[in-house]
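> Residue numbers (the numbering used here), protein chains in the order written: chain A, 370 to 577; chain B, 80 to 266.
Keep in mind that the hints were calculated from the coordinates and are not lab data.
Keep in mind that a hint or two might mislead.
Sample of chain B residues lacking proximity to chain A, with all beta carbon distances greater than 12 Å (derived) [said to hold, decoys possible]:
no.: 1; residue: GLY133
no.: 2; residue: GLU152
no.: 3; residue: ILE167
no.: 4; residue: GLU255
With beta-carbon atoms standing in for the labels, derived distance ranges [unchecked claim]:
no.: 5; chain 1: B; residue 1: LEU148; chain 2: A; residue 2: PHE393; range: 52 to 60 Å
no.: 6; chain 1: B; residue 1: GLN105; chain 2: A; residue 2: SER526; range: 45 to 53 Å
no.: 7; chain 1: A; residue 1: GLY574; chain 2: B; residue 2: TRP115; range: 40 to 48 Å
Glycine included, every Cβ here is placed at the ideal spot set by N, Cα and C.
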Amino acid sequence: MSANENEKEQAPAASTAPKSERGFIEGEHVVLRPVLEADFGELAPLLAANPYAEKQLPWTQQRLKQRYEDKDEPGLWGKRERYYVIVRKTGGVAGFLMQNGEDRDSSWCRMYVDEAAADRDVLGREALSGYLAYMRRWKDPGRITFDVLSLEEEAISWLEATGFEHEVTIERAALYRGRPETLKVYAWLSERVKANLADDGPVAGEEV
Amino acid sequence: MHTVWTGERVKLRPFKDEKEWCDLAQELEMVPNEFWGAWWSPRPELKKDFEPAGLLDVEKASMFAIERLDTGELVGYEEHGAPKPGSIEAWVGTVILRAHWHHGFGVEAKQLCYCYLFEHYPVERVWAATLSNHKRAARGLHLSGMRYQGRFRGFHFTDGKYHDLVCYALYREEWEKLPIRLIVKRG
Numbered sequence: 370m371s372a373n374e375n376e377k378e379q380a381p382a383a384s385t386a387p388k389s390e391r392g393f394i395e396g397e398h399v400v401l402r403p404v405l406e407a408d409f410g411e412l413a414p415l416l417a418a419n420p421y422a423e424k425q426l427p428w429t430q431q432r433l434k435q436r437y438e439d440k441d442e443p444g445l446w447g448k449r450e451r452y453y454v455i456v457r458k459t460g461g462v463a464g465f466l467m468q469n470g471e472d473r474d475s476s477w478c479r480m481y482v483d484e485a486a487a488d489r490d491v492l493g494r495e496a497l498s499g500y501l502a503y504m505r506r507w508k509d510p511g512r513i514t515f516d517v518l519s520l521e522e523e524a525i526s527w528l529e530a531t532g533f534e535h536e537v538t539i540e541r542a543a544l545y546r547g548r549p550e551t552l553k554v555y556a557w558l559s560e561r562v563k564a565n566l567a568d569d570g571p572v573a574g575e576e577v
Numbered sequence: 080m081h082t083v084w085t086g087e088r089v090k091l092r093p094f095k096d097e098k099e100w101c102d103l104a105q106e107l108e109m110v111p112n113e114f115w116g117a118w119w120s121p122r123p124e125l126k127k128d129f130e131p132a133g134l135l136d137v138e139k140a141s142m143f144a145i146e147r148l149d150t151g152e153l154v155g156y157e158e159h160g161a162p163k164p165g166s167i168e169a170w171v172g173t174v175i176l177r178a179h180w181h182h183g184f185g186v187e188a189k190q191l192c193y194c195y196l197f198e199h200y201p202v203e204r205v206w207a208a209t210l211s212n213h214k215r216a217a218r219g220l221h222l223s224g225m226r227y228q229g230r231f232r233g234f235h236f237t238d239g240k241y242h243d244l245v246c247y248a249l250y251r252e253e254w255e256k257l258p259i260r261l262i263v264k265r266g
């Protein structure tokens with residue numbers, strides 16, 4: 370093959386296809402990727418709308434920019450907290466997934482998908498299954514944990530459909546619209562961990 | 080706000096100085112914890128933790144010294160997470176020097192910390208967690224008045240096996256019935 374032919378092969382083909390987002394986690398309808406500055410306008414209202422928002426100050430673009438430029442953990446992509454935006458392949462931020470901690474066996478996650486989205490169910494399921502597939506392929510996690518408010522029924526259905534199991538129900542764990550609400554913890558365990566679970570027996574106060 | 084909480088066996092108080100904190104932390108960390116494993120905080124890091132406000136921090140976590148009432152010895156520290164604005168829960172953790180185990184110091188230190196948290200923050204729930212193979216710590220949490228809440232499976236790897244993290248919690252109305260409320264002296 371001549372150099373000229375090789376160049377022809379590598380040249381991107383002209384496309385008339387609709388805009389298609391790329392990201393390190395790609396599904397049929399969504400991609401997950403790190404936050405870009407261009408996302409601020411769409412992401413800030415979603416951060417503000419998620420049920421945990423009331424634990425913090427209201428999310429604004431200004432505050433998001435401040436977090437993005439944090440000197441210790443810039444780009445909302447740090448060891449303590451890591452944000453993936455959930456973007457439609459046709460364009461548009463539809464939600465986010467926040468991973469707390471980077472330890473492969475003890476990171477905790479929360480996820481939110483725009484409640485106004487007509488295709489919320491599809492986006493949520495696909496984002497979650499995509500994240501799990503990505504983690505399994507590249508990070509070899511032993512355990513992935515999500516917590517959700519018990520009133521987030523759709524998110525719970527995504528977790529259950531993706532293979533996460535309910536572990537603990539914690540009453541009055543968080544405020545939602547001024548009322549203490551119940552939190553549910555779901556986890557996915559790798560085969561490696563499942564095969565090596567210790568049998569430590571019951572602990573004090575545990576009903577067997 | 081008070082600075083010292085005294086029970087029948089121990090008192091919780093702020094650390095006297097940087098040296099007291101650093102010496103205790105290094106004595107505790109010199110031997111790996113048989114359940115959690117080894118960790119080590121270099122002295123400059125310990126000093127950095129102490130410097131801003133003597134380990135009292137409303138943003139992250141605070142630590143109080145645990146002092147025996149009978150001998151005046153420093154026996155460990157009680158740590159708690161600072162509830163963020165809008166949050167209705169807080170966590171606690173207790174570390175006691177091995178030479179002072181089996182005297183109930185940890186249980187009472189936790190109870191004093193519950194008093195501090197419920198009296199000063201609008202929290203509904205104080206929680207703590209330990210490993211499923213650390214029976215003594217789980218028993219201590221239970222004896223302090225907390226109820227078992229559940230377990231997070233396969234959370235911590237030790238000696239070829241994954242151990243569960245077991246979670247305990249005390250709610251405000253349960254704390255209101257604890258005898259420690261009639262015992263604690265605030266100063």
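> Confirm or reject each hint.
How the hints compare with the structure:
{"no.": "1", "hint": "GLY133", "verdict": "holds, 23 Å"}
{"no.": "2", "hint": "GLU152", "verdict": "holds, 27 Å"}
{"no.": "3", "hint": "ILE167", "verdict": "violated, 6 Å"}
{"no.": "4", "hint": "GLU255", "verdict": "holds, 15 Å"}
{"no.": "5", "hint": "LEU148(B) x PHE393(A): 52 to 60 Å", "verdict": "holds, 57 Å"}
{"no.": "6", "hint": "GLN105(B) x SER526(A): 45 to 53 Å", "verdict": "holds, 50 Å"}
{"no.": "7", "hint": "GLY574(A) x TRP115(B): 40 to 48 Å", "verdict": "violated, 21 Å"}
When held up to the earlier numbered hints, the structure conflicts with 3, 7 and fits the remainder.
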